[in-house]
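Protein chains: 2
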Amino acid sequence: MRVEGDPEVQQAVRFGLFHVLQAGARAERRPISAKGLTGPGYDGHAFWDTEMFVLPVLTYTQPSAVRDALQWRYDTMAQAQERARTLNLEGAAFPWRTIEGPESSAYWPAGTAAFHIAADVADALRRYVLVTGDEALERDIGLELLVETARLWRSLGHHDRAGRFHIDGVTGPDEYTAVKNDNVYTNLMAQRNLLTAADCAMRYRDQALDLGVTEEEAAAWRDAANDMHIPYDSDIDVHEQVEGFTRLQEWDFEHTPAEKYPLLLHYPYFDLYRKQVVKQADLVLAMHWRGDAFSAAEKLRNFTYYERRTVRDSSLSACTQAVLAAEVGFPELAHRYLREAALMDLHDLNENTRDGVHMASLAGAWIALVAGFGGLRDHDGKLSFTPRLSSRLSRLEFSLQWRSMRLRVDVRPHQTTYSLRNGGPDTVLDLLHHGEPLRVTCARPVTVPVPPAHPAGPQPEQPAGRAPLMHLPEQAG
Amino acid sequence: MRVEGDPEVQQAVRFGLFHVLQAGARAERRPISAKGLTGPGYDGHAFWDTEMFVLPVLTYTQPSAVRDALQWRYDTMAQAQERARTLNLEGAAFPWRTIEGPESSAYWPAGTAAFHIAADVADALRRYVLVTGDEALERDIGLELLVETARLWRSLGHHDRAGRFHIDGVTGPDEYTAVKNDNVYTNLMAQRNLLTAADCAMRYRDQALDLGVTEEEAAAWRDAANDMHIPYDSDIDVHEQVEGFTRLQEWDFEHTPAEKYPLLLHYPYFDLYRKQVVKQADLVLAMHWRGDAFSAAEKLRNFTYYERRTVRDSSLSACTQAVLAAEVGFPELAHRYLREAALMDLHDLNENTRDGVHMASLAGAWIALVAGFGGLRDHDGKLSFTPRLSSRLSRLEFSLQWRSMRLRVDVRPHQTTYSLRNGGPDTVLDLLHHGEPLRVTCARPVTVPVPPAHPAGPQPEQPAGRAPLMHLPEQAG
Numbered sequence: 220m221r222v223e224g225d226p227e228v229q230q231a232v233r234f235g236l237f238h239v240l241q242a243g244a245r246a247e248r249r250p251i252s253a254k255g256l257t258g259p260g261y262d263g264h265a266f267w268d269t270e271m272f273v274l275p276v277l278t279y280t281q282p283s284a285v286r287d288a289l290q291w292r293y294d295t296m297a298q299a300q301e302r303a304r305t306l307n308l309e310g311a312a313f314p315w316r317t318i319e320g321p322e323s324s325a326y327w328p329a330g331t332a333a334f335h336i337a338a339d340v341a342d343a344l345r346r347y348v349l350v351t352g353d354e355a356l357e358r359d360i361g362l363e364l365l366v367e368t369a370r371l372w373r374s375l376g377h378h379d380r381a382g383r384f385h386i387d388g389v390t391g392p393d394e395y396t397a398v399k400n401d402n403v404y405t406n407l408m409a410q411r412n413l414l415t416a417a418d419c420a421m422r423y424r425d426q427a428l429d430l431g432v433t434e435e436e437a438a439a440w441r442d443a444a445n446d447m448h449i450p451y452d453s454d455i456d457v458h459e460q461v462e463g464f465t466r467l468q469e470w471d472f473e474h475t476p477a478e479k480y481p482l483l484l485h486y487p488y489f490d491l492y493r494k495q496v497v498k499q500a501d502l503v504l505a506m507h508w509r510g511d512a513f514s515a516a517e518k519l520r521n522f523t524y525y526e527r528r529t530v531r532d533s534s535l536s537a538c539t540q541a542v543l544a545a546e547v548g549f550p551e552l553a554h555r556y557l558r559e560a561a562l563m564d565l566h567d568l569n570e571n572t573r574d575g576v577h578m579a580s581l582a583g584a585w586i587a588l589v590a591g592f593g594g595l596r597d598h599d600g601k602l603s604f605t606p607r608l609s610s611r612l613s614r615l616e617f618s619l620q621w622r623s624m625r626l627r628v629d630v631r632p633h634q635t636t637y638s639l640r641n642g643g644p645d646t647v648l649d650l651l652h653h654g655e656p657l658r659v660t661c662a663r664p665v666t667v668p669v670p671p672a673h674p675a676g677p678q679p680e681q682p683a684g685r686a687p688l689m690h691l692p693e694q695a696g
Numbered sequence: 220m221r222v223e224g225d226p227e228v229q230q231a232v233r234f235g236l237f238h239v240l241q242a243g244a245r246a247e248r249r250p251i252s253a254k255g256l257t258g259p260g261y262d263g264h265a266f267w268d269t270e271m272f273v274l275p276v277l278t279y280t281q282p283s284a285v286r287d288a289l290q291w292r293y294d295t296m297a298q299a300q301e302r303a304r305t306l307n308l309e310g311a312a313f314p315w316r317t318i319e320g321p322e323s324s325a326y327w328p329a330g331t332a333a334f335h336i337a338a339d340v341a342d343a344l345r346r347y348v349l350v351t352g353d354e355a356l357e358r359d360i361g362l363e364l365l366v367e368t369a370r371l372w373r374s375l376g377h378h379d380r381a382g383r384f385h386i387d388g389v390t391g392p393d394e395y396t397a398v399k400n401d402n403v404y405t406n407l408m409a410q411r412n413l414l415t416a417a418d419c420a421m422r423y424r425d426q427a428l429d430l431g432v433t434e435e436e437a438a439a440w441r442d443a444a445n446d447m448h449i450p451y452d453s454d455i456d457v458h459e460q461v462e463g464f465t466r467l468q469e470w471d472f473e474h475t476p477a478e479k480y481p482l483l484l485h486y487p488y489f490d491l492y493r494k495q496v497v498k499q500a501d502l503v504l505a506m507h508w509r510g511d512a513f514s515a516a517e518k519l520r521n522f523t524y525y526e527r528r529t530v531r532d533s534s535l536s537a538c539t540q541a542v543l544a545a546e547v548g549f550p551e552l553a554h555r556y557l558r559e560a561a562l563m564d565l566h567d568l569n570e571n572t573r574d575g576v577h578m579a580s581l582a583g584a585w586i587a588l589v590a591g592f593g594g595l596r597d598h599d600g601k602l603s604f605t606p607r608l609s610s611r612l613s614r615l616e617f618s619l620q621w622r623s624m625r626l627r628v629d630v631r632p633h634q635t636t637y638s639l640r641n642g643g644p645d646t647v648l649d650l651l652h653h654g655e656p657l658r659v660t661c662a663r664p665v666t667v668p669v670p671p672a673h674p675a676g677p678q679p680e681q682p683a684g685r686a687p688l689m690h691l692p693e694q695a696g
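Chains as they are written, first to last, in my numbering: chain A, 220 to 696; chain B, 220 to 696.
Derived by calculation from the structure, the hints in this document are not laboratory data. Hints should not be assumed to be uniformly reliable.
One copy or two, it doesn't matter: identical chains are merged, so the pair holds either way.
[Stated by the list, open to error] As a list, the in silico SDA-like pairs of lysine to any residue whose alpha-carbon atoms are at most 25 angstroms apart:
| no. | residue 1 | residue 2 |
| --- | --- | --- |
| 1 | K479 | G684 |
| 2 | K479 | T523 |
| 3 | K518 | D429 |
| 4 | K601 | D567 |
| 5 | K479 | S374 |
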């Protein structure tokens, strides 16, 4: 990976990839924990960070590590099923925090209620199969992972009188907003989980029958997905992170001094939970991984709204804010968030690197570059890119695994070059470049212009004192 | 107190009054605990039961005990203020569970979030002053209790964009529905708390100034009260116990066998909290103590709706269901609930009388009789009655303290006699009898007819297997 115009990030992203590859490639069917093997933080436990931050990077760089990680999740299936039974639910409830499979988090409310881990596992599986084409794994363990997580969602949610499907009493990624109804991230990820399971069951009918999946059950998954309620405040035209979020009391950021952060150490959760204060990207995270569910105008409005209320008391936030800042038209802000994610440990920004590196934040630096400035998305089984650099970057170059091929993307300020390797003479890769279809072959690289950016409107503001921790790099001489 | 037509209840209500008087009259500025002094249950702790079940009975029968109980609460003020500061709030946050004043309940979510205790204390004070006319207590400790609880509500709640006042993230009386927005009981009791405080501060201006109450602060209390949001589902025309309650998933009562009750011992709270299952009267309790905030038609619809979803896994429910069943026109159902409340310990209905008697349920027998079949209410500083007996009762006679006087109410199937004692020749008591003004003097009793009942509509149903534990008494020979 090449980053020109920010030598610190260039160094940091290599440092990060080294640790992500070390932790991931050598996990060998053991969990990839939050600190990898670099320190005692989180007591060696693995969380949803693995599936939503580390595995997306490994999927495009070292997919065999993802295969092992998915196999590990699959190997804990019996415990996840037992956990679901304990909770009066169907399917499999994967643990929010674990080493060997059992739920190791305190019961309430952040741990168990964070059911989105099930959809995160399903999405990691979906992405791995999409990128690798590994149908053997899809059939042998993927189908069951999808079926059991779809069953969880179907039993956890319910239809209301008007036929809308709700998932109530859950906690999304934002740990300052817990046990609420209709978390947008959870609902959108569950929606994709349900549809992916139904499609997979159709493709592997015999294996699905062995798992007891009837046509009626698959239809019920599709119905729930299609009826999924996504709360939206039409009064101010933004999505509600959870039902009713945008009418909760505002947090008094003006009177929250710097030494009171992280808030969780200074204010009771009771107070955090009932106000508009966001620990980490949640609705914004939904706009990354389920960006297909939002219009461009919605993304801009939502990003600006949640930016004002997000304090980043979690290291699982800056990289996602970078991705969306880049998408909605604030490349300099994206660059600052990229630097925060990438330099988290090298600059010891959270003053806890002694406990081990932040594996997800390091992976997040790759995500901020590739999904942020490269604009990589893989919705609906299709690769798409919207490359556009910040003013300080003169070049970003990265490689992605795609089936047996290797796609190299070389982003310059005004053009992008796509080249494909390791394929035969007839191999083609159809992708989208800034929304336009583009066919790439192994014959020769394709260079296309980067369209000029639209003006995005007023710069988003963060809560007082909560701007990105890093400034832009020194301008090259 | 005389109850003719149900000798068991006659005995039980005397048994209950004995224990309530013993626990209350001899508390002498110590808390009146949930079990009185009769057993080790709840480790001797006092709860909101004291203010909302025990004190209403003592206010009308032994008000000096109420004075002591209020003095005890007042003596814990410093701890309640400190608790509020800990929670980032103003005023006083009285403990949900305590012996000596500090909050002794687990932090989350049933204990601390059950802020309604503040309004319960304020209402007990309001009732005591109303019934006794004890202005010295009102001035010396009552004002400060009202001011500090009003300050709690003003800081706990907030206005939304449209100017509605919300109290978010709290737990009402129903312990199967926790940490929700806009609990109707809490909001209505807080509303009365705020208005009572503003009125009291106006009447004791100098003392209020000493407490720092400005005209602006009192105005802010009135505004919050007037803007209080009361969630209502206009789709099905019932009040929502908490915001969004009526669109939550229904509990599967059909497949909940008898041995799975009480539910809290067999299902995770996670599951109870997010479904339409009610442990104890909550919206129905609001319709008792804030009955002035509901129309008769609303009460009937609400009672029927919540009756289907209330499992009474708490002993703090049957008496309230009796009161509302009587009010909305189901006197036989009210009688069965009265019997459940009254005989809770004598029949050991919950199989735990060995831990001590249920003080609130015993007090509840008196409440079920006097507020249920007698129809006593004291909204807006006025006594009102809607006496109407169940078919099995031939007579209900009870006495109430009112200032220095003693009001005796003798309810028969078709008439009620009110007589006043201990007053001078000019003493009058203006009350309402079935909505009509009635003046009672010490000169002679007044006998007025009981108007015939309107047909109430279909009999309300309880969840499968959760009908009142007691049947109607044997028909007198």
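Quick rundown of the hints versus the structure:
1. In the homo-oligomer, the alpha carbons of K479 and G684 lie at most 25 angstroms apart inside one protomer (11 angstroms), although the nearest pairing across protomers, at 52 angstroms, exceeds that limit.
2. For the identical chains of this complex, K479 and T523 are intra-copy neighbours only, at 24 angstroms inside a copy versus 48 angstroms across copies, given an alpha-carbon limit of 25 angstroms.
3. When the C-alpha separation of K518 and D429 is checked against a cutoff of 25 angstroms, the pair qualifies neither within a copy, at 42 angstroms, nor between copies, at 52 angstroms.
4. For the identical chains of this complex, K601 and D567 are neighbours neither inside a copy (37 angstroms) nor across copies (67 angstroms), given an alpha-carbon limit of 25 angstroms.
5. In this assembly of identical chains, K479 and S374 lie within 25 angstroms of each other by CA distance solely across copies; the values are 20 angstroms between and 40 angstroms within a copy.
Hints 3, 4 from the list above are not met by this structure, while the remaining hints are.
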